[in-house]
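The task is simple: from the sequences and hints, build the whole structure.
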Amino acid sequence: MFKPTPLGRVGLHLANLLVILFLVFPIIAVVIGSVQSEKSLQADTRAILPPEYTFDNFRVILTQGEQKGRVFEQATYLPDNIKAFYGAALNSLIVAVSVTLLTLVLGSLSAYSIARLRVPWTVWLLQINIAARFVPIIVLMIPLYVMFRSGGMLNSLWGVIIAQTGFLLPYAILILAPYFETISHELEEAARIDGCSRFGAFVRIVLPLSTPGLSSCGAIIFIISWQDLLITMILNSRREFMTLPVIIASLVGDVHVFFNLLMAICLLALLPSVVLVMMLQKYVVQGLSAGAVKG
Amino acid sequence: MADQAAAGGAGTLIVPARRPFWKRELPVGWLAFFMNTPSMIVLAGVLAYPIYYAGYLSFHQVGLAQMRRGIFPFYGWQNYINLFEDPLFWLALKNTITFTAIVVTVEVVLAIAIGLLLMQTSVWTSRVTRFLMLLPYAVPPIANGLIWSFIYNFKFGFLNRVLLTTGLASEPINWAGHADTALVAVAVPYIWRTLPFAVLLVYAALQGMNRELYEAAAVDGASAWRRFWHITLPLLRPIIVVILILRTSFAFAVFEEVMAITQGGPGDATWVSAWYGYKVSFAPPFNIGMGAASAYVLALIVGLFAIAYVKVIYRRTT
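Sequence order for the protein chains is H and R. Take 1 as the starting number for the first sequence in this note's numbering and just add one per residue. Take 1 as the starting number for the second sequence in this note's numbering and just add one per residue.
Lysine-lysine pairs mimicking DSBU-like chemistry, simulated, CA-CA at most 30 Å apart: (1) H:39 / R:155; (2) H:39 / H:68; (3) H:83 / R:155; (4) R:94 / R:311; (5) R:155 / H:68; (6) H:83 / R:279; (7) R:94 / R:279; (8) H:39 / H:83.
Rough simulated footprint, nothing fancy, chain H against chain R, three-plus residues with beta-carbon under 8 Å: (9) 33–40; (10) 116–130; (11) 184–198; (12) 276–282.
Hints are computed from structural coordinates only; laboratory data are not their basis. For each residue, glycine too, the CB sits at the ideal point set by N, CA and C.
Structure below.
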């Protein structure tokens, strides 16, 4: 806003440097931790950089434990769940994509009726959705576990998909409703004069014009679903239905914690969502602020 | 309409053909109803009913044996009595409140500071900060927790390496293993992960501010500090309230970082309410009825914030 003085510029650079260091510090830690052996981690506990670099941690994860490389040659024990990496990544992807699509379809239907169809109870619906966003996951998971258990729905991907969709739907509605309100009424009116029904105008006019809003919402829902631990961990205990976060969590209380291996699998799990967030930064920012303020 | 026009007998009127029923326009109310039905079914099944059912469970005796038989005997207020007599429940609540107070205070202060820093677009490093700001948001909470548990590790953790190499510490410090520092050790990663959201909101609010106000104040000779205190801060107040409510209610449910870094330890220094609900329900002795009661208490507390939030939002828009 104001041109800072030369001294002020130095101060601002320093302040930025501090913030940047704070932001990348854990990322540096995870990268350095993942490219060394356990031996080198424990050898010199004062050096920041490892004495030698190795990709064996990634190799053992990505070959599902078949190629152990030099680092794990003599290891008598390897956590079994490491071997389920591809299955877990695929499960994460299936769940996140399904939840995103389902939430977008259901959410845009509701959000449109809240934004455009002036029926009194839709406002009330919006308020319920705002309140629903506050419900802590653990509060839902205890009854859901009992419900899913008695219904035989534990250990299935679609059970997780339904639970996550329900949990994220209010958030999607809160992001989409204000976006639909910004779409011009005139285009919709024009389409209706040309013989489009109200619903037809929604599908043919409002939805195509809302691509940026739908992208924002979709990106955010995908990220939250990709990151979810609690819902999936409580509903799915069998390895073939675990997602990446659940695999990672299962390594926490393991008999032997290989930090180098853990950092490698953490890096592999956070990479997709980091790439996504950085690529769709603009949309993520819009979605986050719309969901928080305009609701 | 079409029928009326035809019955009117005005032969010259062009009577629009009656549309087949699937093309006919629904009344707005019905359209809204049908458009909301799918969401309503999902929300009723996954949100509304479980909330009711958690209340039901909290008044019944629900454990592994009862779940196997499928019969939950009525238990009255016993779950709540057991809960309120458990010192660990109160400790978890106290820890949650301390944790939330630390997180929210630090986040609001940092968010305002970093938001102002990001506005200094003439300094190129501010643009770098802005680009990297969203990075923590992308990191899954459980991965974040594990990364920090590596950072904090007493024997070969990354933080101790950095401190020892730079000479900021002479002895390794057991960050997550000391009862005094453990709660803060969990709060820092949580702040790291959730700060982008708060910064984003402050930054958006700052961008929307009227520059003329600042220029007028500068012409009148107001110092930078006075401009901040008397112009920026009052204008930021609505967004700060929003951040306070949202961050408080979400920090109250912190789970992943606790699970990854301390698992409630050392001792029970970092037991928080969500961890308590999880451990009581899903670890031996699987006392789901009592877990539901504790979840209900948590929901009630967070519910108060939700009501406050709805009030604030509606005062703002109307």
